[in-house]
Structures are given as structure tokens and as C-alpha cells.
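Participant: I would like the entire structure built from these sequences, with the hints used as guidance.
Number of protein chains: 4
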Amino acid sequence: MNGPLRVGVIGLGFFGTRHARIYAAHPAAELVAVCDPDPARRDAVRAGTGARALEDLRSLLDMPEVDAVSICLPDRLHEEAAVAAAEAGKSILLEKPLAHTADAAGRIVAAVERYGVRLMVGHILRFDPRYVQTYLAADPERLGQPIHLRARRHGIRATARRLGTASSILFYMGVHDVDALQWIGRSRIARVYAQKREVLGTGNEDALYAIVTFENGAMGCLDYSWAWPDGLMNGFRSSLEIVGTRAAAYLDCADQGFYAIDDAGTTGGDTHLWPEINGRIAGDLADELDHFITACRSGAPFIQHHREAFDAIPVLDALAESARVGQPVEVRR
Amino acid sequence: MNGPLRVGVIGLGFFGTRHARIYAAHPAAELVAVCDPDPARRDAVRAGTGARALEDLRSLLDMPEVDAVSICLPDRLHEEAAVAAAEAGKSILLEKPLAHTADAAGRIVAAVERYGVRLMVGHILRFDPRYVQTYLAADPERLGQPIHLRARRHGIRATARRLGTASSILFYMGVHDVDALQWIGRSRIARVYAQKREVLGTGNEDALYAIVTFENGAMGCLDYSWAWPDGLMNGFRSSLEIVGTRAAAYLDCADQGFYAIDDAGTTGGDTHLWPEINGRIAGDLADELDHFITACRSGAPFIQHHREAFDAIPVLDALAESARVGQPVEVRR
Amino acid sequence: MNGPLRVGVIGLGFFGTRHARIYAAHPAAELVAVCDPDPARRDAVRAGTGARALEDLRSLLDMPEVDAVSICLPDRLHEEAAVAAAEAGKSILLEKPLAHTADAAGRIVAAVERYGVRLMVGHILRFDPRYVQTYLAADPERLGQPIHLRARRHGIRATARRLGTASSILFYMGVHDVDALQWIGRSRIARVYAQKREVLGTGNEDALYAIVTFENGAMGCLDYSWAWPDGLMNGFRSSLEIVGTRAAAYLDCADQGFYAIDDAGTTGGDTHLWPEINGRIAGDLADELDHFITACRSGAPFIQHHREAFDAIPVLDALAESARVGQPVEVRR
Amino acid sequence: MNGPLRVGVIGLGFFGTRHARIYAAHPAAELVAVCDPDPARRDAVRAGTGARALEDLRSLLDMPEVDAVSICLPDRLHEEAAVAAAEAGKSILLEKPLAHTADAAGRIVAAVERYGVRLMVGHILRFDPRYVQTYLAADPERLGQPIHLRARRHGIRATARRLGTASSILFYMGVHDVDALQWIGRSRIARVYAQKREVLGTGNEDALYAIVTFENGAMGCLDYSWAWPDGLMNGFRSSLEIVGTRAAAYLDCADQGFYAIDDAGTTGGDTHLWPEINGRIAGDLADELDHFITACRSGAPFIQHHREAFDAIPVLDALAESARVGQPVEVRR
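Respectively, the protein sequence lines represent chains L, P, V and X.
Numbering (this note's numbering) for the first sequence: 6 to 338.
Numbering (this note's numbering) for the second sequence: 6 to 338.
Numbering (this note's numbering) for the third sequence: 6 to 338.
Numbering (this note's numbering) for the fourth sequence: 6 to 338.
These are calculated hints, taken from the structure and not from any lab test.
We treat Cβ as the ideally placed atom computed from N, Cα and C, and that holds for glycine.
Just the calculated beta-carbon pair ranges, DEER-fashion:
#, chain 1, residue 1, chain 2, residue 2, range
1, L, ASP144, P, ALA163, 22 to 30 Å
2, L, LEU141, X, PRO44, 27 to 35 Å
3, V, ALA269, P, ALA163, 42 to 50 Å
4, P, ALA305, V, ASP48, 20 to 28 Å
5, X, GLY121, L, ASP235, 49 to 57 Å
With the Cβ distance kept under 8 Å, some of the chain V side facing chain L (calculated, not the full set):
#, residue
6, LEU237
7, ILE266
8, ASP267
9, ASP268
10, ALA269
11, THR271
Chain V stretches covered by chain P per the calculated footprint, using a threshold of three residues with CB under 8 Å from any CB of chain P:
#, region
12, 121-134
13, 138-145
14, 250-256
15, 274-283
16, 290-302
Facilitator: The structure is reproduced here in C-alpha cells:
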């Protein structure tokens, strides 16, 4: 492709507005259109980017001048939008997770493969230097055989309240770490045991702990919570570690290197995910979209095949089932 | 008691030599005797403290001028020594864990109660400011109802190799965190699910993960490893967190506040457990022994009743059983 | 001395009440008397410890059954109390700084030496494991020749406001780090350049920066502030580093390993200086007083001779003068 | 400009090879040519990027199809290359510092303005999220009036040895923080006092400390060292803090969030400056070059005018003079 990638953004919530801004500022992309049912959101993005702003995703997908779309909708609307985008022949960047159930994910994959379109899942951790360096440090030549791995992702209860029943701890947060563990551990999760709690009444799980077994024998732990009081420094905490027979590596995203202090307290900020630098969104999300644009234009493969992204979904289903039945569960693939 | 507490130390390994030094320096204690089968160890402690150094624990227990003993033996020798000390009418400070099985622990408790002696278990975390402050922050008035708790304790593989089959990850390290979770969470563990791995061939487990359920409904996670490469900064990492309906608290012992750098790398040191200050052992271990001495002399209760210390043992047994059978297990008390 | 050290505490502010509690709980000390002009403070300590509570320091010094005193008064009252205590033949633990000027310090030292009493200055960092380990790591055998050293001590403006003109940044905070640099660097400061600022109107300096030169040629930096907004995590920050020709070491007291979170924010706590453990004050301050008691009873020398403690005072004077005249100043000893 | 920016890179050392890779991968840039006297370096970049590789910078500047150049030479060669590039009418990205003396910098600025070309100085911290967020937090509306500021930059002695007399601690490292302090403090430095040490014999200063006064009255501290032993975790440490009458902010780059452990020790990595993500250089340096490309193509101003970048140079000169004469020195602008 010689010209810019012409992109549409479907859904203008937290992530959609960021996708739109990043595309609009990218020299090899052109933000052609956006869509959202909320007129205020549409007006805001149109004013900021000059893109055409539509109410309905079908109108956007009908535009022949749109080469590619970012789908940034609530989990439960992913399937309809992704299947329609595949039918319309668009390249797709699908914000995680693929879908809200393994069945829906399977139908998305089937549509993508039937219509021969390209699909990249927004697994942003694959673009985070801390996760990438841990992946490199976990190379079997350096690490030896993995013995145990652990990943955690904790957030504040305000997030759980805001999402309510529109998402779940596993599909909203958990998919990141299931994908990261399988990627960094170089093996798929075969068996899981999970427990969860729901006390706060946010409409969501408060926390979920799981112990998992990988196909290569390694043992893993998943540790999710969005029950933290809203005053948690930086609003979230994530980490990952892997210990092998020869070496080990870990990452910890608690420290962002920046602190602001006033009489009320000490707060931080995001310096990795999508920090704003001189009026432009930088960081992991910008690098993720840059990769999508570059690979779409050159025809090179995405760094993660959509089938590998799909490998996280059956694990989420097994975790949910184990938490429900109180027993270990095999992952069905 | 008006005079000093006259103490004997049984076993002169890593902990025993430290107990001996602390007693010898304490103004309200007198280190009367020590015993160990190894003559080199005996000679070293005799030279450093002036205490009488015996080969056999029976000789030590036969000394009427010994009021109290510290038992610092390998786990599997606790029962014999503790029962004999109880028969001899001595006050006992028993380095953790109480014993290597729940049955042995039960026999120790029975002997202690039959002979009417005092027993304190060396749960050092009860004297660590970070754990104590987390305990205070987890007061139900501040925290509300506990939702989820997690504790971890990670060490280097050199430790596992050194101990070999003389101990186990649960009894050597795990007992600390089981006790800490039950103490800080104000509830006992009722049900556990555990998995472990043994790849390194140290004669010990490499790692054990567990998810536990408390009697009050809270959910817990235990995360043990001594599979880390020996170059792990400070040689160990432990942490604990508790999230409640109103507030949360956590502690992290990774940072010791001290760093030494040469051309080969950056290393740390211990500034909390048993740091040496001006030729004297200070920190948590010194505070623990000070409490033992003070309470023995005054007759005041120990901060932890031996029955509460005993509450950790059946959990260890359940964790081991669950790891063996691959299913959740109820704790039998 | 066979019996306990019989102690009086002069001044019952923040430090005096802590001294009183520590003496009252120490098995080798007996808190005989305290004094303070404020009846409420006297009553509180009498109720908590059973000590005799006097209004006037002369009455306390007249008690023949008092062997030793802690002087915990505002800086400007140190001279009168210390000289009187020396005349009365008491062993003295003088909370830092020795005095509020070099001249006053000189008169205290003269009195101590004239009357042949013992004097220990409350340089608490000499009992902090992080500073002690940095001192050990800076041994010339390990470190080589010191190249550069830096120490900082930052606090919140609420402290500066509370003290007002009763103290100064140099005498209240600065003395700690001047002593620490000379101790850890194994050399005395010979020349200083300092600048300060007073903008907040607390009655105190907001901040003072200084560059110093040691007798052995090493270069140092001092970095003091109590201008931080009151929401600074843990309320203070201190650190020290030393880089030598062979190795280097540093300490950082920012992290206390403990965090409490509620909806308003994340706060910490003190786990080193004077944490309360099971109803008893532990940590650096308790270890400092234990050393005072032990050395007074045994007759052994204090870990720091009072003349070495005195070496910090002329540096404080030189720093103040340099900040006033805007030029480098030689330290007059 | 509709087509890509056609760029040449002058000098293929550590920074030049990174510039070349970033341009080669950027969708709006075309790496046309590179030059370096070393044939091995030329061959490596030609093989990796397909760019024309020249021996001499004049040949590169003579190419009419080159729109812009990155100058990545040793400090002392900046003047000749930058003046020649200005004469040749190229847009210039000049790796810091502008030049090795204030006079040379003045001649560069004169040439740039005489020939009407664009000049951006490679002040990478202006693209680092931690510095940018500190800049935003130091907005006078939030911070009030600045009271005191401090910046530090510490590296290992291997760097000082490698550079030898080709650079100096002030021009290689110091310029970053002088620019950052003036930028974040919103005021220029008017007066300086500096001391330095040279003990290690690397051909460079080991360390330099300075106290500075800003035009708005704020007080600053600069703290430079490249005397650290080579085993310093991550190889460098930088931080910056600013305390104002209403609020404060700080950044600390010590923690990179990533750790690798083997039996020999714990090491880290760079996750902010120029981390490699999926075969592509990301982070601050990539964002800096993206800004250069974008602004050159659109004609928009750079985020920092070259005259503001120039403001750091007279401060470096004053610091060097003060360190030489041992007295405070006014900055001559």
C-alpha cells in the first residue's frame, strides 16, 4: 500500500477516543470515519479530528474508502461488529478481549477466516517494554525450563462500578494476563482451578484467584482484583514473574517514576500505557496502533496471529467454570 | 521473678547461635547453657558467650538452674525436645514450626498442657513492624469485612539445597504466612487447594501455590517458592496484602533501604529481621526474644497463645494433602 | 552496676514521652522521675509509668537516686539543662543537637569534662540498620578512597510550622546528616558553601543546599528541606550515598514497606525509627536507649565519644554563615 | 510536504545508529544517506537499512535529495557539521549538546539564523513521560511559586572511561538537567556555584555538585556523577524534584519495572529511553525523532525553539568556571 491506511473507529468510549486521536496524528494513517450512538461523543471526535462521524456501524462499514477498523465496543458487542467488519472486507483491530464467550470468539474467527480479512487483537502488553523484556529474558536458552509463573492485575473498585455488568473481571482484565502468561511461558494453559468473591455489590466480581497448569508442566498463578479502595496509588497494580531452571525474570508496574504531592496526599500517573507527550498520545497504545498500521500497509504478519490471541478465550471460560463449580477444570480447545 | 531469666539454647545452627547471642547480651536474661552434637559449634558459642556447652539436650534439661529453653532444632526433632522440655518443667520458646506434622504438634501441645509449662512459638512476623502495622490497619473498624488476602514468601534455591529433606517449603517457610494470614485476617482457614512443583532436585519442593477459604468467607492466596536463582536481590522476597470492604493495607519486604555496589553488581542486606547494630543483634528476632524473656519473668501472657500458634499446623497438613491429591481439601481441626 | 540504671527524663514533648516509655519498659532501667512545666504532660506520663513527675528540672537533678538523665528539651534550652546535669553528676543522654550554637556546645562539653560525667548525644542514625550497614560497606578496605558523598533529609512544612523559631533546619534536621557524613565518610568537613530559602513564612528556613569539602579531599552535598506539602508519603524522605574508588553504597528511607489505602489515598507509616510493636516502642530509638543504659551500667564507652558528636556543631555554624554571606566558608574547630 | 522527509544521519556511533534505524522504520521518513569515517559502521548501517553510506559529511550535505540531517557526532565536532549543514540548507536535528563551548554554540545559532534553516536540539527528556508529567505538575497554577529544585544524573565509570577526553560530564550529561531545570522551573539559571572531583583517572570529571540560583529566586541543586562502579543496577540513575509554595512533584528513573535474575545477581534494563519492541526502537528517542519528522513536514514549530535550547550552554560554561575558581559565578548570556 502506498498511501495511508484509511481507518474507521467503531465505538468512542475511553479506548475509541484514544484510537481516533492516535490514527488522526499518525503520518501513515487517515482517520476517515468514526461511529457511536452517543451524539456528544461523535461531535467531540469530529471536532478534534475532522473525521466523518456516524451513528451506526453499518454505515461506517459500507464506506468503501475505509480499509481498516478499530472495534472499541463493550465486550458483548464485539461479535456482531467483528463479523460485520469481516463481511465488509475490512482489516480489524479488535480491542481485547476477542469476545465475551468462547463461542462468540469462535464465530468471529470463523468469519475472519471465511472472508479472508486480517485480524489483530489489542493485546497491549505485547507492546509494553516491561512485558517484552520479560518475554525476551524468558527465552528457553536463558531461562531453562519454566517452573512457576505468576501474573496479577489489580484495580480500584470505581472501575468495577463503572463497568457494572457490561464486562467481567476475566474478560476485561483477565485476558491480558492469560495471554501474557501463555506468551511469556511459551506454553498453553491446560487446567485451571479458580475461586472468586463478590461482596462489594458492584455488579462484578471483586476478585478472582486461580492456579493453573501449563501443557509443558509449569505451574501458574493468576491474581485479579478490582476491589481496591479508590485511593490506591496510580489506580492499578500489575506484575508478572517467571522462574525457570536456569534463570528468572519479573516485571512490576507499580512504580511509574512520577509523583505529585499536595497537602492532601501523594498521587502518581501513567508513564507507560498511553501517556500524553506534547499533545500526542505516546506509549504502549500508540506503538500497538503503529504496528497495526504498518503491518496492514506492508502486508507483513502481525506479531500475534489471531489464533494465538484466541487461545486465551477458552482459558477464561474454564476459569469461570472452575470458580462456579469449586473444582479444577480442564481447558477445552 | 526478680533475677534474670536463666536460659538454655538447644541446637546451635543458624537460629540457635543467634538466640544464644541475644540472650547473652540481654540484661534480664542469663545464658546458662547450650547444647549441640557438633563440638565446633559448641566451642564457638562457649567462647563467645561463656555459657556451658553440652552435647546432649537431656543434660541441659536436667539442669535445675535453667528456667527456660529455646528449641532451635530441625523441624523433625522438635517433638522429642519439646516434650522433654515440658516434662522437665521448662518454659519453652520453640522456633517455628511447632512440629513437622499435625500429630506431632498435638503431642507437643498435650505435653505442655499436662506439665503446665509455658510455650511460645517463634512466629517472628508478629514482631515485624511491617506485619504489625498491617495487622493494625486490618482492624475491622478500619478495614470493614475482609474480601481477599494474599501472602508470599520466596527464597533462593541455595536455601532449599542446604535444607534438603530436613525440612519442607510448608513447614520451613509456609507456616509464617499461614499464621500471618489467620492473625491479620482475624479468621481461620477452613478449606485449601494447593499445587506444587519439584523440578530442581533440591530434595525439596520448588514452589507451592494455594487458594484458601477462611471461616468468615474471605478468600486467600499463598505463594511460596524457593526456586529463585541465587542472585536474587536480598535473597528473599515476602509480602502480604488484605483488601476489605472499607479499606486495604499491604506490606512488601523486597526493599531493605540499603544497597552495596561494586563492579560485579548491586546487592542488599537485611535491615529488619536480625540486623547487627554495633556488635549486637537487633530487629525482629531480638524483639521476639525480649518478649519471651519479659513475659516469662512477669508471668504475663505471651502475645500469642500456643493454641493459636497450633492453628497453623492443620492448614499445612491440608495444603500438603491437597497438593498430593489435586483436589480442594477441608482443614481438619 | 548491679541494679537497674535509675533514670530521669527532662522535657516531655514528642521525644521525652518516648524516652520515658522506653525506660519504663526496659528491664535494666528504672524510670524514677520526669519533669516538664506542662502539668497535662506530667500527668500523662505519671499515669502511664508511675514515675515521679516534677515541674522543675532542678528538683529532678537534686534527687540523689537519679543516676542518669535524658534531656529532651527544645534546642535553645539544652545548654542550661546539660550544664546543670553535669554539675549534678548525672550521666547524660542529650537529644540532638548538642546545642543551638557552637559556643553553647563548647560550654556543655567543658562542663561535662570538668565534672567528669558521661555524655552521649542522641544521634539516632548510628542505631539505624540502614545507616550502620552503609557505614560498614564504606569501610576503606571495601570502598577505597571516598570520591563523593551526599545526604538528604526532607520533611513536611507542618513540622517547620510547628517548631517555628524554636529550632532551625540545620540544628533540628541537619545535624543528623552532618554527623552521618563525617562518620560514614571517615573524615571531617573542612569547608562549606550553602544557600537557603525562606518563602513559606513558617518562621524557619524552607530549604538549604550545601556543597562541602572533607579533610581527606572528598566532596559532599547536603540537601535539606521541610517545604514539602503535608501530603508527602510517610511525611519525610532521607537518603545517603557514598561513592569510592573501589565500591559504593547507598541507603534510601523513602520506602517503609507498609501501605494503607482507603478511598482518599495511600499512606504509609514508620517501620524503623520508633515503631510500636505489641504495645512497646521498638526500632532505632529503643536500640539507642538500650545502648545508653547498657554502657552506663557496664562502664563501657559509648559507640560515639562526645567529642566526635561535637564535631558536627562547627559545621552547622559554618553552613549558616555561608548561607548568610553567599561565599564558601572554612569550618573553624 | 507531501512525501516523506528525506534524512541523512551524520555519525554512526551509539546514537547515530539508533537514529538511522528509527528513520528507516518511520512511515513518513526516508533514510537516504548516512556517513561515518569508520567503514565497518557504514557497512553495518547500509546492510540494515539500504541507505547510501558515505565517508564524508560534505558528500552527504551535497546531496540535494537530503532534506534534513541528524548530527550524532562527538561534542567537539558539532560546530563544523552544524554550520556546514546550515549552509547546505538542511533542517537539523542536533544531538545534545548544541556544542562544546558557548562560543561554538553561538556560531551554530548564528549560522542557522543566517541561512534560515530549522534547528532542533536532541533534548530527549522533553519526550520522556516522567519529565513531561513533572513539567505539567509544575504549572504555576498547581505548584505556586517554585522554592527549590534538584536534578541528578549518575552513571557508571565505564561510560566516563569510554568517552575519555572526547566529552565532559557537563556537556555529555549535564546539559540534560540544566535544560530540564530551566524548562520545568519556568526560569533561567542566573548564578552558579560548583565543585568537582577527578580521582579515578578516566580522563573525565568523576562528579560535579552545584548549587544554582534562578532568575525568579528559586534555588537549585545539580548532582552529577559517572563514578559509580559498573555493577550499578540499570547503569544509571536520574531524578528531578521541584517543591513550590502550593504543591510539589518529583520523578525518579531508578526503577525500570523489569528485573532479570540469575545465580550471579539481579540486573535490569531500559524501558523508557530507547527500548526495542518487536524489532523496532520505541520510547523517548523514537518520539523525539517522530516530532522532528512531523514538524519538518508540516512546518509547525518544534516544541523547543533553538534559542531556548541554547540557554543551557552559558550555564554549563559558568558551572565549569565556578568549579575552576572555587567561587560563585554569574551566568553570562
